[in-house]
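What follows is the residue order along each chain.
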Amino acid sequence: MNKRQLLSRILVFIMAIVIQQDGFAQTRKISGTILDDKGAPVSGASVSATRATQKTSTGTLTDAQGSFTLNIDDTYKTLTITGVGFTPQDINIGSNAVFTITLQRSDAANLGDVIVVAYGQQKKASVTAAISTINAKEIVQSPVANISNALAGRLPGLISVQSSGKPGSDASTLYIRGVGTYTGNTAPLIMVDGIVRDTYNDIDPNEIDNISILKDASATAVFGVRGANGVILINTKRGKEGTPRVSATVQAAANQFTRQPKYVNSFQYATLRNEQIWETYWQQHANDADVANRADGWANFVAKRKTGYTPQYSDEDLKYYQNAHTPKLADGSPNPYYDPYFHPDQDWQSQIYKKRAPQVQANVNITGGTKGMKYFLSAGYLTQGGLFKTDYMPFSSEMDYKKDRYNLRGNFDFDVNDNLKVSVDIGTQFVQISGMNNDGYNYEKNLMWTNPMGSPGYVDGKFVFIWNQTAEQFNPLYSLAMRNQYNINNNSTLNSALRVTHKLDFITKGLTANVRGSYDSYFSSTSGGQSFPVYWTVRANPNGDKLNPIWVQMNNEAPSQRFVNWYSGKWRTWYAEAALNYNRTFGDHAFSGLAMANLSKKFDPNLAYNLPHAYQSLVGRVTYAYKGKYLAEFNMGLNGSENFPEGKRFGYFPAYSAGWVASKEDFWPKNNIVTFLKIRGSVGKVGNDVVGGTRYMYLPDVWAYSSAVMNGYYFGQYGSNRNNIQGAYESKLGNPNVTWETSQKANIGFEINLFKEKVAITFDHFTEQRKDILSSKGTVPGIVSANLPPYNLGQVENWGNELEIIYRDKGGKNFSYWVKGNIANNKNRIVFRDEPIVSGLEYQALTGKPIGQGSYLQADGLYTSWSELYAVDAANNPILSQPVTAKGPDGKTYTNAGGQVVYQKDLAFGNVPLQPGDIKMTDINYDGVIDSRDYKRSGYTNIPQITYGVSFGFNYKGFDMSVLLQGAANVAANPMPATNLHFNGTTEALFEVDWNRFTPERYAAGEKIAFPIAAYNRQAYQNTFFNLNTSYIRLKNVEVGYTFQRGLLSRAGLNSVRIYVNGFNLYTWNKNKIWGDPENMGFMGYPLTRTYNAGINIGF
Amino acid sequence: MKKLYIPLMLVAAIGTAGMITGCTKNFLEKPRGGDVTVDTIFHTQRQAQYAVADMYGWCIPTGFVMNASGDSREDVLTDQVHLLLPGAAWVAGNLNFQYYIAGGMAPTYSIDRGPITSRGNTAATAFTGWYKAIRKANLVLKNIGSVTDATEDWKTDVKGQALFCRAMAHYSAFRLYGGIPLVKDVLLGDGNISIPRSSVQTVVDTLVSWCDEAAALLPPGRSTNDYGRVTSIAALALKARVLLYAASPLYNTPDNMKAGVTGARFGDARDSVLCYTSYNKERWKRAADAAKAVIDAAGASGVTLYNTGKPLTTAKTDNYAGLGDYEAVCNNVFGTTGTYGNPEMILVNTYNHNDANKDGWADWGRYNSSKVRMMGWGAKNNVPVEFLQVYEKRDGTKWTATPSGTDFKAYFEGLNLDPRAYQSLAWGGQWYNSGKTFLPYYRQSADGAYAKGSLADDTNAGDGTGSAVECAKFVARVDNNNDNHFAWPVFRLAEFYLSYAEALNEYNGPSADAFLYMNLIRQRAGMPDKDATTLTDQVSFRAAIQNERTVELAFEDHRYNDLHRWLTAHVVLSKTFNGFAVTASTNGITPKPTNPYLNWTLVSYGARTYPARYYYVPFPYTEVSMRYLGGANWDGQNPGW
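Residue numbers (the working numbering), protein chains in the order written: chain A, 1 to 1100; chain S, 1101 to 1741.
Hints were generated in silico from the structure; no laboratory data involved. The structure presented is a predicted model; accordingly, all values stated were derived computationally and were not measured. Even glycine gets a Cβ: it sits at the ideal position worked out from N, Cα and C.
Chain A regions said to be covered by chain S (calculated; three or more residues, Cβ under 8 Å):
# : stretch
1 : 628-642
2 : 697-706
3 : 773-781
4 : 831-842
With the sequences and hints as input, model every part of the structure.
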């Protein structure tokens, strides 16, 4: 706990300084309101009072009502007001105590904004790279426990896909501009406050000032070897000069699942099973000698089926299941078909899941400072509950999924003197995650393998099975309690950094030097426990009383166990940089430059070879602007990576960009329509050195020992001297010529402001060529059978567009509103991949296709009647001697390799006889059979090609409202994973979608058919029928707030009070809803959640 | 203040300079130590033995079902077993038998599952698995000379073992694919590899020469500490098997059998990778001599046919001592000394179902070997009636199943079949062991008085068949279900008695030696001798010896190879198989609780299809697309694929 002590001491020290500062001079108070040219209050404007000598100043920011107060003494003469997007204004203070100041909008809205770029800041107007940013306000609008989930729909070019909602593991996978490599190394680089950091998800959103994504080569070249997948910059808030301002927020929320697939009840289950057996009978007997190809075949088959078909559930069983919830008949007498023990109907979902779980977030932060010292201090707390019921389990509270998080941060900036500035940042997160430890098993086995009639469930405090039917899946409640240990994981992360900046004006004006060091550490420990629940079975009572069965205890009580803490992960990282910055304007010429060297080392016992991991790089940037019209920039990274051999260890990654602000040209007519236009473009290179966890790829051939028994051998006779000799095997071969994977990126875009900044449009078009992709060879003959290293093979192209439009306006004095929209598309294609391409099966190759595109049998709907397979008689029964011929590409009949005419009935995968309700497969190579050659790469992947977000909102007096709609399109999923092929077995779960299967009766009645017949051919599940469109539009975020007027509050000593309600994932429009939530369709794990949240924010 | 920041600046400047210059050179260099290379392994005998053990793990085959949900007995490809899956299609599916028996084998659904370490994988990794095994043997051969602290004898021995292992892995792929590329060196991963398929003649000659070479280097026997290690007789055994196969019609096709395999030949020069270019009777002579060499060498290695004169298993026995000789052979492969034991093994794979496997849960092997082992959920290894009829009655006559009846236990036990049948099977109503007592293979009775037995088929098609005879060889029964006494017989002496008899007959008709060695096997089993009065010619002896081999070596992974080399697979495996469907019944009398009377009828398992192209398993698409298998002229794929 030394870390905690250290931190708290620093905080106390800093607080002391702050308090001391407050007591300095003899002061008077001035106050005022800042308005814009339309009379609306301007919040966040900087107001500073300057002494006559111009040496020192004091300042503050305006609040939401545009108000400010300052304590000054008589030496202060001038008030300077600056606001983003406004022309700065100086006011003589004189003896006035109250000011009302109207600001004029500057040329173009937000062009005065400064945005964060790699290792620095630039004016937005002069940026030539492709960068998107969101600010603090939007980040905190989403009541999520993980900041990666707050980004969806906000940033054009950022794709986020969330698969799990489990507390502690609910992060979204993020992709910037899609994917450019097929190796799976697609994660963007994450930097927090200018330093690469692996963990960012648990940063308190209230600590964050802005998040930027760096998209093109110009923005990312300085990261060189690590920048190919784009970069996410997260910047925390920093102190601002002024009196201490405290902001406290408390919010409470309820989480619930978004749409989950529903399960069928017992009656439906039994019906479906019987139906499946009925249909399977045809599959088993269609080729019998007295059936196949015979005119009387159908009659023979029907005769056979009369005796051969044995339903699993009798009519009586079905009747019991129908009465499973009806203990009494209408007349009040006992229902003879009520049998809750042996014919139950269990809605396991409602017994396993809670309806809702709580989530509470709280944060207090203080910001303020003087000329000499500025600070931002923040303390946060989050608790997020899980949606599993655990009250029936031993260790009920520990088994519950839960996340508790404590955040502390202090960011300090000291201006030691005019030239020297020191910044100290310390952030920590303490996270505790508890819950069942067998999450994957819970879904795959306990829930997917269960059926509604499996067991009586949990009765009178006992886990109950039916006698002779005690496989654990029959009672998922027991299985959950028995299969899971509880784990409580405690982890703590420390991020610390020290930065020293010194102006070197005495050498040349505009030159500064800085050094920075950081130390991050992480430690995680886990404790756990396990119970051994007792289970019971019920046997039929010989006296026939169904409601009074014989109870049998099946195992003895065993004491529960608790395990002591064990270490479960740790790492530490240090980072150091030294840089020179230059920034100077000579008349019309503005220059800036950056030269930096940095190094980092990570220590983690889990790293391969148990050796620390190192990076080293040199970074350079030069920018030039002429009259703010012509912009040029050069960026470069010279990076070293341990993965490559000496001499080839450093890679050089340059990027060039240019911009032209056309609206500043003299010939540009003064107008109110197009007030700003910038055209910019960039080209450059970035790299990637990562392939999985492979390290030191250049090393020579490596051998390894196997720990697994079967990889060695036994010698000796059993019972006397049999012993296992472990194996030693040739592991990976070396590749002495391995080098970088490079990404050649180009970007062209424009920014345009219309109608006096009411409309701002940004557009980007990008292309990326990823070359020398580090991946394995696919065309080495199998007879080599060596474990080959990654080679520089492969090429992928990736391209797309991004468009963002912002519209802001005011309707009257108190009403302002805005609409923002962004849309991005991305496409990629594997240009080359070293893979064996089978002649004639080019349509199955990966080369030439989008990354991750699946290979599917091509489905063409369902067969809906026998007449599509055979001629039918008057009763619509098939005449098996008269099969229907299949049609070739020209619409005529065709023949197979043996020269026989191909019939539609032959087009069955795996020769499983077809019947109405089966999926119609296309014989894409027209060889007369449906087999592995009829798979074809097709359809969309699970990474959306199109992502978009639309948000709008307004402020009216104290009210504010905003709405975010977010969506994805050109995306698909196959929800039929291998372990859950619907109807895979005899006891696995069946779902609402299975109930919507094809039957001739349902089809004739015109009911909605969402599934083939119950006995569909599972071998052929990988077909386009099940490759479902998962495009969606979500009502991602809605927020309504009210800010109380100042007058009432100031008496209570408060500056502002805002109450608000918001929600997350509120509603989703999509197709194929019956299969579940579109974003993670087919995922077997903790479902996604929806959140309803209410909170209050107090400022004083 | 200046005092403070001038030193600070100095620190910054020095730091910067240091980072840019000083550290650069070594900062990214991998620290020394920790690397295990080929030199580490082949430096000492202690390390080298680990590489040898790894080679064994890959090269020595086993017929046990591995601990992978998808694995199953190879028997399911033949008429020995019709597998019914427990209502879960992913079980036992990786052998792709379900496609195979319906005529749907394809390069991506091939029945090749590779060496035991890669079972349960797809066809592509199965094929490369054989070559991974070969690579391991080649690595040992290449490097064993570098071991510094071992005796030359030890190195010579290891060299012999590696030669055998390399031959064994080649043979394992050869029996599936026909002529395959012969890999004699450790291949590099870069550069062009052009090693096409070798002709059958080259493969056979090469394997034989490796076996000869190995036999010369290896000792004839091993101490008990080294049980499971290759001996010179094992090398001779592999040679004998290869030569027997090479002489058989699949590779050495007589003119009168060519019509049967037209779909499995190109009809041009490419056929040399599939068979010899012309028939030559002398190959049978070579096969006979090789088999005789094994028989002759057996004595020197302490290998004998296990015959204590106890052909029958004692009724209701729970002990190894109670087993009949034939059952004892496969139930106690380890051959612990005592009144029961096993001197018949030439080479075993020492893995059994009790050994923790790579997945740490050995039960899959038991689930998928039989339903009876775990008594309940598991794959049902039904033995079709057609295969049961291969067993003669005790008096040496043939029999045909009665289509229906009322007491299956009485009927089946009353058939009085070859004792080897009852010693290899489990059936409805059988007293299995004292833990499991009577086996409940039956469907629910028609009146509902009896629910279905726990061994009834429970499949996606419902309880449709109620099959009542299951394969139980290598399923631990006696000694309280103890799997530890099992090991897989790679070679046992009986095989070579039968091979010798078969080859003699094919070479020159039924000679005295042919009868002698066939009858030695029959005598041990408790079956009457056959003689020249009934087996008067080559053709009738051929039928008898093939039948004998089928019975004696049933469920030991010979049937697939034998049906292929005899060129009878397309006949035997292209028909409808039937099972005994058994239903519980009271038959009007109060039934015994553990043994209800069982009505039976014959039930069809459906028709099987065996296209001629099945004689050679297709190479994976990936290998074919690289066009090295066929050399310059063609892609190397087998005919019909």
